Structures are given as C-alpha cells and as structure tokens.
Amino acid sequence: MANMNMVQALNSAMDIMLQRDPRVVILGEDVGYFGGVFRVTDGLQRKYGQHRVLDSPIAEGGIVAAAIGMGVNGLKPVAEIQFADYIYPAFDQVVSELARLRYRSAGEFSAAVTLRTPCGGGIRGGQTHSQSPEGIFTHVSGIKVVMPSNPYDAKGLLISSIEDDDPVVFFEPKRIYNGPFDGDPNKPAIPWSAHPKGEVPEGYFTVPISRADVVRPGDDVSILTYGTMVHVAEAAVRQCGIDAEIIDVRTLVPLDVDTLYTSVCKTGRCVVVHEATGFGGYGAELVATVQEACFWSLEAPIQRVTGWDTPYPHAFEWEYFPGPARIAQALKNVMEAG
Amino acid sequence: MMTQRSRLHVPNPPARPGDKPDFSYVRLSPAGAVPRPQVQATATETAGLATSLVRVLDDEGTAVGPWNPHLEPSDLQVGLRHMLLTRIFDERMQRMQRQGRISFYMKSTGEEAVSVAQCTALLPGDMLFPSYRNQGLFVVRGRSLTDLMCQCLSNTRDMCKGRQMPVMYHWAKGNIFSISGNLATQFPQAAGWAMAAAIKGEDRIACSWIGEGSTAEADFHHALTFAAVYRAPVILNVVNNQWAISTFQGFAAAEEATFASRGPAYGMPGIRVDGNDFLAVFAVTQWAAERARLSAGPTLIEHVTYRASAHSTSDDPSRYRPKDEWQSWPLGDPILRLKQHLIALGEWSEDRHVALTRELEAHVTACWKEAVSFGTLADGPSLDPATMFEDVFKQMPAHLLRQREQLRVLRALQPQAAHAASAGAAALEAGTRGIAKEG
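Those sequence lines, one after another, are chains A and B.
Everything in the first sequence is counted per our numbering, starting at 5 for the first residue and increasing by one.
Everything in the second sequence is counted per our numbering, starting at 1081 for the first residue and increasing by one.
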C-alpha cells in the first residue's frame, strides 16, 4: 500500500495497464511529452514511448473518432478530453458512434474506448471548466458512466474501465484530485494522506463497475450521491447530527439498484445530491428508480440537492455549489416531513 | 467615394431546372497527359496532381499515358461485371422501394467505378470505411446480394437486426466497417485504424470515402490532420459527384480550389482523378496503396464523377438541377467507357454484354426471391422485438433485462401487436423521407 492522491492513483492505473496489456494506448491533448495539464499522464510517454502515449491535435472529435478507429482495430485506447467541458465537439462521435457501434453492427464491431475527463467545479474555472455533464452521457444507451470519489476507487475503477469491453466515460472530479473537499472553500485543504481511501495498493487491483459503496452506514435517511459530493454530504451529516446512510453510487451506468433499494427501504427517507444542474439531471433518474421500488416504505417525499439550473457562474461559484448547508437543510426537511 | 461594406457571396450552380446543363467549370486534362511521380514523392513534388485530372481512357476507349495500369483483359472483364451487377442491384432495389417493399434506398448509378476499381486495386486484408454510396465494395468483396437485400428488408436475416435504415451495411469478415448515418464520421476513424496498423507494424492499410459536401464537416479535417501528423497508411477519398442532395459542390468551398488541393495543404499528395475512368481510378489507388504500405504516408484522392440518380428515394433532383444534366456530363458513364475499351481491345462485344446483363438480372431476381422468403418489413416472418435490447452492451444489464420483460408482458396483453408492426412500417417509410443529408 502507498499514499496516493487521485492524480497519482489514476497515473498508477494507466502505468499498470500499459505494462500489462500491449493493446493499451493513451491519447489526448498535452498527455504525452507534457504529461497532461493535471499531470495525470506524467512520465508515461517517457516510460512507454510515443507509440503508446500519443499527443494529439487539438480536436476532440478527432481524438474520439481516432480512438474508435483504434478500438475497432484491436487496441484499447484511453483517450483524455482535457476538460469535460471540451467534450462537445466529440459529442457526435460519442453518442452516434462510440455508444452504438456494437448495436448497429449487431455485435460485429465494437470499440473498447475509455474516455477520461476531469469534471466539476470549485476551481474557479467558470462556465467552461466547471461542468458536470454526466447526465448527458447517462442518457445515452451503450456507454458506461463512472465517477470515483477517492484515490482507491479511482485506480480500481479506471483499471476496470480499461479492461471493460464496452466504452466507458470516466469522469474525474478535479476538485478532489489532491484531497477530499468538504464544501467549505475557506478551510485549509486536507490532503489524501489524511484519508483512509488515500491508501492505495501499488500493484494491480480492480474495483468492479456497477457496484455502489455504502460510505457511512445509518438508519434515519439515505443520501445517494457520487464524486465530490460524497465528501460534502459527509460534512453535512457531521453538521446536523442526523444518522444518515451515505451511498457513493460510483457507477452511474449500469446502476447498482439493489444497494439503493436496500438502503432506502430500510431508512424510509432519501435525499439525492449531485453537483450538476438539477433539471433533467441524473438525480431525477435516482429519484424515479428509488420510488418505483421503495414507494410504500417512504415516510417523506424524496428531496434533490443539486447545482442550480444555470451555467456555472465564475463570480458566484460557492453560491452555485450545493454545499453542506443545503444538504443539511434537505436532511432536516425529510426528517420533519411525514 | 467607394463604400467599404462587405457583401455576402452565395455560390450558385451554373444550371438550374430548365437551363441548359453547363459543366464548363469542370477542369479537364487530356487522357495520358498527367505525369506519374514516384510513389515516395513529397507532397510538394506531387502538387500538380491536385489541379490536373488523371485520365487513362481517351475518347476512343484507348488506354494511354504513364498511369495506364496495364491490366489483363480478364481483370477488366471482372471489373465490368462488378460495375454492371452493382447497377442492376441498385435498379432492382429502387423498384422495390417504389413498390413499398423496402422503406428507403440510395443508388450509386454513375459512380460505380469509384468503389469497384478502388476495391479491386486494394488487398482483401485492407480495411474499408465506406460512405452510404459504396455498395460496389460489397459486390467486389463477394458479400451475397441476398444478405444486402435482407438488410434493406429488415427481415429475420438482417445483419443489423433491424436497427439501421436500408444500405447501412457492415461486414467484419470482409473488412468493411459499419456504415454510419452520420456524415464523415468514418473518415477520421479510418485514420485511427491506420495508425493502429502502423503501431502494430502491419502491412494492411485503410481506405475511406466521403462525399464532397461532407468535406465541410470537422471530421474531414480531423481525418486529414491525424493522417498527416502520424503519416498513417490510409487512402482518403472525396467522391465529388457534384451534388449533395440539392447542394452543389461550390458550397463545400470548391469554387476557387479543387478538393484534391486540400491534400497538399495538409502535407499529403492530393490527386484529382477521372472518377468514371476505371483504369485511372485503379491506377491512382494502386499508387496511393503502395505509398501507404511503404510508410510514405496518406493520400487524398478526389474522384470527379456525377451522381446520376437522386440522392435517395426521398429526393427529387428535378427540383434543383436540369433533368438531362447527366447526358452532358463530360466524363460519361463508367460502365460504357470500360465496355468501349474492352471492345476496342477485341475482348468484348455487344452480344456478350447483353448476355452478361441478362445473367446478372436473373441472379438479382433469384437473390430477391430468396431474400423475401426471410420476411419483409411489412410481412412476416419478423425479428423478435426482444432483440432490440441486445448489443446495447456486451452483457445485458439488469435494467435492460427488466425493460425487455416489461415489453414482453406488454405484448402478451396486446394481441393486436401484428397490426402495430405494419403500421410501424408505414410510419418508418414516411419518417425516412427527407432524412439523411448527403455528402
């Protein structure tokens, strides 16, 4: 075991997969010589050469399309889209091509592409470096969608994603690259070395796709969340003293509904939390899924805590961000209702 | 004082319905006049190829000049057979669409030499990334017409399991990629495939096609950029058939520069070729393939041809171009030109041509009979709707298993599902009108 932040854990996952599987190649803007703008691919080109870790032209559509072509030709490309906000020029290639290739060719063609992309706000990125577009991709049939909340899961899930025969969009909440973030930007940063999930095996291991994680057991209310918001929810629970069960969804598609059902049917109350805008967001899917199975166990309407339905405002980052206070309020609301 | 206001330029084709066809804008070179550089020449050394027109067959049907590939008469006869079979297949499927047996169709009439001559010049292991008007590739590689027809019928033997519109074929074993309904997406994918071939150190190359209209899509530029940066072993073809549905080629910025000239701009040779000259298309493809296999890099080929038919069965070209335009097309009909050449060589005759046409028509009829025995969109046997949940993922996740079960229960409660199927076919037919833009 070693202490790793999320950047190091992701780097280690790719290092191991480049070593283990000659089909794995990395491509993206600045990922080679420079090692990536967030340093996630640091040192990999030096170690594996320019045929395994490729700098690409500034063309997201070309990156994804080329990755698809490589995948069709038997490679396992791990493509980086520098920011999730930059993914839209490649949207057609992801939605119309990557997601449906196996389907439209009745299984004769497929491309096992992993698309890594940093997402989320909290770094003063404004509306073009802060988005959480996971709900756009969960709405597309044929791609798996993953978002880890800590270094251990990041490494294990990235290895699983690269090994997966289906395409995976792998969102990396960049606010927690260097440490867990509890939603208060005024507090000093906490490093991953102070967190149990910053302890990561140095070698090969996997965290299975489509398995949620009960981060904190509790009896009063279930919080369903993922990514950065796992840590913000923990802070909210500490603040309000309610015995909440926090579930890190981890894999958004395919969703581990059994873990969700078990928890909500036990607690009878539920709050769904994500950083992305609420309307038509992934939270709506979680709410609908839960009420379909747990309606007769519910003591109160399910509440959602999400980003507001506006672009991510540069000046009002923390007013936008669904911080611990909003989560705590929602927890109180569902405890008092019914 | 002159005003300094800008004025928007809107390109216009030289002739509209009712006008006399005018192809004076098509720059021609005499057959045999264009030099043939070494395959490892630099893009600069090949610059002249982007603006001239490589032609081998002259007006008398004689093969002349440095690009003459000196093919055996037997090879030419096979090429003629494949082009003719493609045309007869297209005619039959168009008729079947008009009779309501299939929902949609797209012919390749007038452009058969592009797919047939190119595929003939490549090796069976080379990977093809076609557009939707490359049915000749499947003919040359020997996919049974029955299989293609079953795809168009969306029947129980449909290779796409009813998931794609007609003509969106694929053939992994034949090294032909799945055809997308989106424009140009396959172009950069071919570059990526070729990059992988080079990374793996293979001798296989990739070849892809798009229409001249699609060159306006970002994916065209992605393909040229990636192919040039990595010197990928790929042949990128722009099939300039003059028309993208109603949009003439000038709208893809070809008024001042040829499509081939995009090649040298990206640092690769661009060759403008007579796309209706079987020998010329074969020769430039052979040149580009050899270049790719020698790691000398990619080639962009512009095939100057003419879309003799409508864009698709949803299109009516008499609304935007002169009805008889094809008759004035200066590069003629690829089938008639190869036929004329073979006759001039003493290796073909009108009688043999008639006999071949009859033989191929009978073959297409037999294939159609076999294909409809596996069902049509309107009449059974039909695919099980439960198959729609397959292939979303390799393993079906729980939510799709559940939805599949919900559909099963729903259908068990609705014995009139059969009526819904034929209503669905009519809706599909209506829905496909006017969709799919053309490159």
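Honestly, the hints are just simulated from the structure, not real lab data.
Computed from a predicted structure; not experimentally measured.
Please note that a few of the clues may not be correct.
Partner residues are not named here, just some residues of chain B that face chain A (Cβ under 7 Å, in silico) [said to hold, decoys possible]:
1) Asn1148
2) His1250
3) Trp1273
4) Phe1473
5) Pro1477
Chain A is nowhere near these chain B residues, computed Cβ spacing over 12 Å in every case [as the list claims (entries may be wrong)]:
6) Asp1155
7) Met1207
8) Ala1264
9) Thr1265
10) Glu1282
11) His1443
12) Arg1488
Listed next, the stretches of chain A that the computed footprint assigns to chain B, with coverage defined by at least 3 CB atoms under 8 Å from CB atoms of chain B [as the list claims (entries may be wrong)]:
13) 176-185
14) 271-282
15) 323-334
The beta carbon of each residue, even a glycine, is placed where N, CA and C say it ideally should be.
Evaluated hints:
1. Asn1148: Since the shortest Cβ distance to chain A is 34 Å, the answer is violated.
2. His1250: 4 Å, holds
3. Trp1273: 4 Å, holds
4. Phe1473: 5 Å, holds
5. Pro1477: 4 Å, holds
6. Asp1155: For B:Asp1155, whose nearest Cβ neighbour in chain A is about 29 Å away, the distance exceeds 12 Å, so it holds.
7. Met1207: 7 Å, violated
8. Ala1264: 9 Å, violated
9. Thr1265: 5 Å, violated
10. Glu1282: It is violated; B:Glu1282 is separated from chain A by about 9 Å at its closest Cβ, not greater than 12 Å.
11. His1443: 26 Å, holds
12. Arg1488: Holds: least Cβ distance 18 Å, greater than 12 Å.
13. 176-185: Not satisfied, violated; 0 residues make the cut.
14. 271-282: Not satisfied, violated; 0 residues make the cut.
15. 323-334: violated (count 0)
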